[in-house]
Amino acid sequence: MLKECLENLEKISPRIHSITNYVTANDVANLLLACKAKPIMADAEQEVEEVTAVCSGLNLNLGTPNDQKVSAMLLAGKRANQLGLPVVFDPVGVGGSVYRKQAAAKLMQEISFTAIRGNISEIKTLAFGNSNSYGVDAAVADAVTKENLEQVIPFLKVLCSRWNTVLVASGEIDLVCDGKQCFVIYNGNSAMQYVTGTGCQLSALLTALMAANPYTPLQAAATAVCLMGYAGEVAWKHMKAGDGNITYRGRIIDAIFNMTGEMLEEGARFELR
Amino acid sequence: MLKECLENLEKISPRIHSITNYVTANDVANLLLACKAKPIMADAEQEVEEVTAVCSGLNLNLGTPNDQKVSAMLLAGKRANQLGLPVVFDPVGVGGSVYRKQAAAKLMQEISFTAIRGNISEIKTLAFGNSNSYGVDAAVADAVTKENLEQVIPFLKVLCSRWNTVLVASGEIDLVCDGKQCFVIYNGNSAMQYVTGTGCQLSALLTALMAANPYTPLQAAATAVCLMGYAGEVAWKHMKAGDGNITYRGRIIDAIFNMTGEMLEEGARFELR
Amino acid sequence: MLKECLENLEKISPRIHSITNYVTANDVANLLLACKAKPIMADAEQEVEEVTAVCSGLNLNLGTPNDQKVSAMLLAGKRANQLGLPVVFDPVGVGGSVYRKQAAAKLMQEISFTAIRGNISEIKTLAFGNSNSYGVDAAVADAVTKENLEQVIPFLKVLCSRWNTVLVASGEIDLVCDGKQCFVIYNGNSAMQYVTGTGCQLSALLTALMAANPYTPLQAAATAVCLMGYAGEVAWKHMKAGDGNITYRGRIIDAIFNMTGEMLEEGARFELR
Chain A
34 MLKECLENLE KISPRIHSIT NYVTANDVAN LLLACKAKPI MADAEQEVEE VTAVCSGLNL
94 NLGTPNDQKV SAMLLAGKRA NQLGLPVVFD PVGVGGSVYR KQAAAKLMQE ISFTAIRGNI
154 SEIKTLAFGN SNSYGVDAAV ADAVTKENLE QVIPFLKVLC SRWNTVLVAS GEIDLVCDGK
214 QCFVIYNGNS AMQYVTGTGC QLSALLTALM AANPYTPLQA AATAVCLMGY AGEVAWKHMK
274 AGDGNITYRG RIIDAIFNMT GEMLEEGARF ELR
Chain B
34 MLKECLENLE KISPRIHSIT NYVTANDVAN LLLACKAKPI MADAEQEVEE VTAVCSGLNL
94 NLGTPNDQKV SAMLLAGKRA NQLGLPVVFD PVGVGGSVYR KQAAAKLMQE ISFTAIRGNI
154 SEIKTLAFGN SNSYGVDAAV ADAVTKENLE QVIPFLKVLC SRWNTVLVAS GEIDLVCDGK
214 QCFVIYNGNS AMQYVTGTGC QLSALLTALM AANPYTPLQA AATAVCLMGY AGEVAWKHMK
274 AGDGNITYRG RIIDAIFNMT GEMLEEGARF ELR
Chain C
34 MLKECLENLE KISPRIHSIT NYVTANDVAN LLLACKAKPI MADAEQEVEE VTAVCSGLNL
94 NLGTPNDQKV SAMLLAGKRA NQLGLPVVFD PVGVGGSVYR KQAAAKLMQE ISFTAIRGNI
154 SEIKTLAFGN SNSYGVDAAV ADAVTKENLE QVIPFLKVLC SRWNTVLVAS GEIDLVCDGK
214 QCFVIYNGNS AMQYVTGTGC QLSALLTALM AANPYTPLQA AATAVCLMGY AGEVAWKHMK
274 AGDGNITYRG RIIDAIFNMT GEMLEEGARF ELR
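Protein chains in written order, with the working numbering: chain A, 34 to 306; chain B, 34 to 306; chain C, 34 to 306.
Hint data in this document are derived by calculation from the structure and do not stem from the laboratory.
Mixed in with the good hints there might be a few duds.
Claimed, not checked - Incomplete in silico selection of chain A near chain C, CB under 8 Å:
#1 N59
#2 N163
#3 Y219
#4 N222
#5 G277
Beta carbons are placed, not taken as given, at the ideal position from N, Cα and C, and that holds for glycine.
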């Protein structure tokens with residue numbers, strides 16, 4: 034499954050439109066190139082519909098929001114919905130302000146998302162309007178652990194059904210759900226928390242994999258999460274004395290650049306619930 | 034020629050004003066520092082004329098455009114024209130939307146460009162209003178090859194005369210033309226397509242070299258293209274097992290940082306037609 | 034002192050709100066993660082007060098300014114003042130335009146800054162409305178040297194008293210002053226001038242250290258400056274043949290990631306005047 038999804042991505046090389054924040058836009062573009070997709074960034078209301086229409090997927094990221102960007106997201110998202118293209122939403126730091134909450138609510142009301150990816154605090158904020166987190170990181174109190182998996186998975190499945198979307202909850206354990214099934218994914222390395230934008234990058238990767246595998250969205254999403262996490266593991270093995278978070282950032286994207294379907298199948302660690 | 038142009042750049046260390054996209058702005062700034070120029074970025078209408086006036090060259094890049102940025106480009110470009118400073122235009126993804134086409138047309142109408150750099154699809158779009166490409170990459174159908182060089186070169190020379198500019202068409206074969214002569218440049222490495230912003234970086238390098246060599250714009254432009262391409266070759270030789278596109282990105286800029294005039298003369302591969 | 038300040042930062046891991054330019058925002062975020070702080074970026078007027086209120090420090094950076102960003106800085110800065118949070122101001126390229134000078138003047142009038150960090154030309158521009166520099170670099174005529182230290186230090190102390198702030202003047206010799214004392218710091222490597230955003234990064238580091246050490250602002254500031262400079266020295270020792278400014282950029286942040294209080298105490302070179 035993972036092998037096929039990844040190979041479809043390399044074969045199809047979909048063009049992905051990202052409306053994203055300026056903090057991690059460069060990483061997102063290079064990540065998309067690493068996985069053999071083609072990035073394009075555009076966020077002016079005057080052009081986003083047209084740009085989306087020549088792409089195979091749309092990646093909407095709530096970091097550093099402003100009114101123009103949110104309007105552009107609404108226009109591009111609706112156009113992608115009309116065209117049947119996958120649309121991924123990353124509600125970066127949605128718990129941090131009323132402004133982000135309202136923007137997220139409006140986007141969720143007017144756009145049908147193929148997938149929503151966030152940490153568990155961000156997803157709780159989308160569901161309830163608040164969580165235990167005020168920043169871009171998940172709150173410890175919200176963390177998904179082996180102990181609370183049995184509670185969290187049904188909660189996420191209900192949200193998937195309500196929102197008619199695939200949900201990706203990133204954390205030490207990653208969960209990838211639709212209304213029926215949940216991949217519990219154990220790949221990753223805790224040092225990834227010291228690299229800015231790994232979440233933004235994962236959302237872009239998710240969009241690319243969903244664009245290349247339109248009939249198996251859940252599997253495509255699980256592939257993206259395993260790939261990002263396993264790349265974090267491979268990258269960690271390349272670290273030497275004196276290396277730090279910037280070298281690690283580069284090594285993760287390099288690992289995605291060099292990943293084959295076989296390597297991914299072998300390295301992925303997950304179970305289905 | 035190349036040696037002299039590059040050494041003038043190191044000697045003069047021109048300050049370059051870039052109005053550019055947020056995806057690759059950091060790479061552009063580091064590239065300019067690598068070639069010993071001084072970067073400054075400013076894109077508010079209120080300050081761009083003043084900033085341009087204390088610089089030796091202006092680099093206008095159409096990535097992630099919006100109305101404010103385009104207005105700022107118009108102001109800065111006109112000021113640079115008044116002061117006789119080189120102005121380079123990079124019509125990033127101009128085929129992707131009517132909005133970019135109109136912005137590019139307005140810029141070309143109101144500003145006299147010293148050089149325009151794009152892939153061949155972008156240049157065709159500037160000339161005809163359309164091409165075979167909808168993204169930031171050139172379309173295969175537009176590609177410059179050994180087989181169609183005899184057709185493409187006269188076409189570009191006509192455009193140079195019409196627009197009174199140097200044209201740089203980037204691709205597997207790079208062409209650097211004015212109305213009379215054309216450098217056909219064979220430097221480069223195909224892996225550069227997996228690094229975001231190599232085009233944006235080349236346009237900045239072009240601006241710096243033209244600022245340092247105001248009386249030989251065609252030679253300055255050819256030097257920039259040979260330098261970027263040869264840096265891509267040198268960088269590729271430094272790649273090790275496990276390295277990917279992010280490491281390659283860094284290695285290219287590092288190679289420019291370490292390039293001497295002698296090395297460049299030796300590594301450049303071009304012919305004049 | 035340095036050891037304690039740095040260990041407090043690692044222990045407390047403060048969330049830092051940066052309103053900053055798009056050129057170096059990614060580096061700033063990764064730098065904050067390297068020193069174990071938590072970055073958040075937000076610059077819409079609608080949300081900045083709320084975001085500041087859940088952070089422990091605010092970092093205001095004048096690069097690529099526009100009206101919205103300056104308004105957001107005013108709102109966030111006033112809120113931080115109300116809450117007693119440290120606010121750091123980095124007047125990037127303030128000598129480059131009337132627009133930046135007016136924005137800086139307004140920010141200094143309405144916000145009480147815990148620290149202001151710039152090169153000596155930028156600080157002179159804040160004080161007198163002009164300097165010998167028009168770009169983002171200090172002018173040679175303004176440079177702090179061993180020969181003029183006796184003149185520069187009292188000048189800075191007067192400004193500290195007038196503005197009721199800690200002043201950090203970056204250069205070959207770094208000065209960290211309040212109205213009474215001045216740390217003269219000799220750490221650093223001249224190759225840091227070829228890396229974009231080391232100043233922006235230092236201002237973010239300064240904010241993090243001040244947030245973690247609220248009762249010893251001068252010492253916290255000196256720690257930030259020694260740490261950045263010493264990281265530049267450590268990073269330089271890791272450079273190999275073929276490495277250039279991009280590799281150096283990464284190595285500096287990596288060195289901060291790996292720095293311990295003991296290493297810093299041993300490597301710091303300063304005197305108190």
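Verification of the supplied hints:
1. N59: holds (6 Å)
2. N163: violated (12 Å)
3. Y219: violated (23 Å)
4. N222: violated (14 Å)
5. G277: Because about 3 Å separates G277 of chain A from the closest Cβ in chain C, which is inside the 8 Å limit, the hint holds.
The structure is inconsistent with the numbered hints 2, 3, 4, although it conforms to all the rest.
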